[in-house]
Amino acid sequence: MFIKITRFYSKTILLSAIFLPIIFFIFFSFSIKELYANNTIDKDVSVMYAGSLVNIFENEIKSVFQNLTGYNFIGEGKGSMQISNMILDGFRKSDVFVSADTTPIERLINHTPSIANWLVKFGSAELVIAYNPQSPFASDLMKASHGEIPWYQVLGKEGFKFGRTDPELDPKGYYTVIAAKLANIYYNDSTIKDKILGEDRNKEQIFPEEILKSILDSGQIDATAAYKHEAIAKDLPYITLPDQINLSEPNYTNFYNKISYKLGTGETISGNSIFFSFTIPNTVENIEGAVSFVKFLLSENGKKVLEQVGLSLIKPILQGDIHQLKPEILSLVPEHN
Amino acid sequence: MLILVIYIIYPFFGFLFVIEPANLIESLKRTEIQDSVILSLTTATISTILVSIFGIPLAFVLARFQFKAKFLIRMIVILPLVLPPLASGTMLLGVFGPYSLLGKIIPVDFTQSVIGVVIAQTYVASPFLILPTQAAFESIPERYEIVARTLGKKKWQVFFSVYLPLARIGILIGLLMAWIRSIGELGATMMMAYNPHTVSIQIFEDNAIGGIRNSVAGIILVIIIALVALTVFVLIRRQQILKLGW
Numbered sequence: 001m002f003i004k005i006t007r008f009y010s011k012t013i014l015l016s017a018i019f020l021p022i023i024f025f026i027f028f029s030f031s032i033k034e035l036y037a038n039n040t041i042d043k044d045v046s047v048m049y050a051g052s053l054v055n056i057f058e059n060e061i062k063s064v065f066q067n068l069t070g071y072n073f074i075g076e077g078k079g080s081m082q083i084s085n086m087i088l089d090g091f092r093k094s095d096v097f098v099s100a101d102t103t104p105i106e107r108l109i110n111h112t113p114s115i116a117n118w119l120v121k122f123g124s125a126e127l128v129i130a131y132n133p134q135s136p137f138a139s140d141l142m143k144a145s146h147g148e149i150p151w152y153q154v155l156g157k158e159g160f161k162f163g164r165t166d167p168e169l170d171p172k173g174y175y176t177v178i179a180a181k182l183a184n185i186y187y188n189d190s191t192i193k194d195k196i197l198g199e200d201r202n203k204e205q206i207f208p209e210e211i212l213k214s215i216l217d218s219g220q221i222d223a224t225a226a227y228k229h230e231a232i233a234k235d236l237p238y239i240t241l242p243d244q245i246n247l248s249e250p251n252y253t254n255f256y257n258k259i260s261y262k263l264g265t266g267e268t269i270s271g272n273s274i275f276f277s278f279t280i281p282n283t284v285e286n287i288e289g290a291v292s293f294v295k296f297l298l299s300e301n302g303k304k305v306l307e308q309v310g311l312s313l314i315k316p317i318l319q320g321d322i323h324q325l326k327p328e329i330l331s332l333v334p335e336h337n
Numbered sequence: 001m002l003i004l005v006i007y008i009i010y011p012f013f014g015f016l017f018v019i020e021p022a023n024l025i026e027s028l029k030r031t032e033i034q035d036s037v038i039l040s041l042t043t044a045t046i047s048t049i050l051v052s053i054f055g056i057p058l059a060f061v062l063a064r065f066q067f068k069a070k071f072l073i074r075m076i077v078i079l080p081l082v083l084p085p086l087a088s089g090t091m092l093l094g095v096f097g098p099y100s101l102l103g104k105i106i107p108v109d110f111t112q113s114v115i116g117v118v119i120a121q122t123y124v125a126s127p128f129l130i131l132p133t134q135a136a137f138e139s140i141p142e143r144y145e146i147v148a149r150t151l152g153k154k155k156w157q158v159f160f161s162v163y164l165p166l167a168r169i170g171i172l173i174g175l176l177m178a179w180i181r182s183i184g185e186l187g188a189t190m191m192m193a194y195n196p197h198t199v200s201i202q203i204f205e206d207n208a209i210g211g212i213r214n215s216v217a218g219i220i221l222v223i224i225i226a227l228v229a230l231t232v233f234v235l236i237r238r239q240q241i242l243k244l245g246w
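Those protein sequence lines, which keep their order, are chains D and G. If you count by the working numbering, then the first sequence holds residues 1 to 337, one letter each, in order. If you count by the working numbering, then the second sequence holds residues 1 to 246, one letter each, in order.
Don't read these hints as lab results, they were simulated from the structure. It is possible that some hints are incorrect.
Subject to a maximum C-alpha distance of 35 Å in a straight line, what follows is the list of computed DSBU-like cross-link-like pairs (lysine-lysine) [said to hold, decoys possible]:
(1) K93(D) - K29(G)
(2) K228(D) - K29(G)
(3) K143(D) - K93(D)
(4) K195(D) - K104(G)
(5) K203(D) - K104(G)
(6) K29(G) - K262(D)
(7) K93(D) - K315(D)
(8) K154(G) - K29(G)
(9) K315(D) - K304(D)
(10) K157(D) - K234(D)
(11) K143(D) - K29(G)
(12) K104(G) - K213(D)
(13) K154(G) - K234(D)
(14) K213(D) - K70(G)
(15) K70(G) - K195(D)
(16) K304(D) - K43(D)
(17) K295(D) - K234(D)
(18) K203(D) - K70(G)
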């Protein structure tokens, strides 16, 4: 009898030891969630943005947006394709996604079920070669920036170390490959791309966007492919490329289209003008905050900040399902295709 | 207490659901994965040897000698443990980067090379050897040294014949911890040598490109390495190594 009672109590204690903490944990989690729901979550706007915008968003946009609207800006910068993958995999639920190209958002729109319904192109970007002024090739790079010697000859020199982002993760990465192939056509020299870049995913040249600037500053590479606004924001000297190569000029779309890049997933990216775009994914948790941020980007205040840091703004163009767009955003987007 | 155990083990069960056997076998055949694992195993071993050559004598000095700067040196030794590895890597770039004094004087690629990987791992893993080794030396009663000295042993003989054998368990645990920490190193290595890819960087890149499913092979190999290390750890703890004639 005594042994039975002891066993009963041991079992009860053991089960309690297992389940009570779990019940407590679940209860605690819900309490925390409620607390956040009541107090702070409506104030936070999570924005995932292209890594090349990190300086602009964290140093400029964040403070102006917060001061004007009272929302907390929670930003995360990564390669746009990587952000697209993370949203597709359900690893992130951002309120706004600002991409360095339309393709990463189009993947969300074309996904079944769709994770986004529309995108708005709001800025264009120009590809340049940013370099470290301390590089042993700095004098040649400077001459190239003044047009005194061809830029591709300097970049193709023995011992020159070029850096870029991964074409599988970042639009700038695949646009760099496309631009180098366009240079082959433009200069009528089929060796330029191979001399400068080597293979499309040449491991020696590929670094994460987040550390590329440190890699350049510390002299591990001499130059990198960058957007013009990025080079200006990071205070780096740069070489401008002809419009036929820099992917900034919509008039050359037919020429850009001659080259494409095939992603590992099988998707093909055609050469095109680079457009910065944004969307509010369907997984949005703070729709009011997201709309407020998007309205800020398209407002005169937002435009002023973006232009100051060197981003070339365009008349906003809507792409996708117009009916899914909030009226207050639609009123700021004059064009639709 | 139980919650913490569940919390630690739960991700392993969650991970089981993303494993697709067919994909896994294909992924394991990828040369990048195989190369990255071989590189990590090799560099972690070199780093651990380097840490032990300099770290064991340092741990002994810190444990057995009294001197003015002892407190300061103890603090310095712990620094790599308390610093975020990315910060350590960034600071190492200042010393070994191509524009640094060393980088200019010595015509060797300290960054973006195997040497860079070893430098980063050695820096970050050093406290993991020094701290347990120091504790092991401190736990040995001083009278053993006195007896050995009375029997005519010289100081260096006492170190090799008394201290080292008695502290061997602590040293082995330290070596193992430093080795496994080197395998898992990411932040500092990323700054010093993103290329060639160690297994941690390969997992980071695979994950970025294709999500968790794309990085399964690397993660499984790291888990296998960790399980082997864990087994060795348990063996050391049970002093079975001693029975094997160490």
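Legend entry - Distance restraint between K315(D) and K304(D), which requires alpha-carbon spacing of 35 Å or less: holds (14 Å)
Inset, instruction - Take a quick look at whether K157(D) and K234(D) sit within 35 Å of each other, Cα to Cα. - result: holds (25 Å)
Inset, instruction - Please work out if K154(G) and K234(D) have their alpha carbons no farther apart than 35 Å. - result: The given pair, whose Cα atoms are some 61 Å apart, is violated under the 35 Å limit.
Inset, instruction - For the pair supplied as a hint, K203(D) and K70(G), confirm whether the alpha-carbon distance does not exceed 35 Å. - result: Violated: K203(D) and K70(G) sit about 45 Å apart, past 35 Å.
Legend entry - Pair hint K104(G) and K213(D), alpha-carbon separation not exceeding 35 Å: holds (20 Å)
Inset, instruction - Assess, step by step, whether the Cα of K295(D) is no farther than 35 Å from the Cα of K234(D), and give holds or violated. - result: The hint holds at about 26 Å.
Inset, instruction - Verify the proposed pairing of K228(D) with K29(G), using a straight-line Cα cut of 35 Å. - result: violated (41 Å)
Legend entry - Hinted pair K213(D) and K70(G), Cα distance within 35 Å: Cα-Cα ~39 Å, so violated.
Legend entry - Agreement of K93(D) and K29(G) with the hint, judged by alpha carbon distance not exceeding 35 Å: holds (34 Å)
Legend entry - Distance restraint between K143(D) and K93(D), which requires alpha-carbon spacing of 35 Å or less: violated (46 Å)
Inset, instruction - Would you mind confirming whether the straight-line C-alpha gap from K304(D) to K43(D) stays at or under 35 Å? - result: Satisfied, since the Cα-Cα distance of roughly 24 Å is no more than 35 Å.
Legend entry - Satisfaction of hint between K315(D) and K93(D), Cα-Cα up to 35 Å: Holds. K93(D) to K315(D) sits at ~28 Å (cutoff 35 Å).
The structure shown violates the earlier hints numbered 2, 3, 8, 11, 13, 14, 15, 18.
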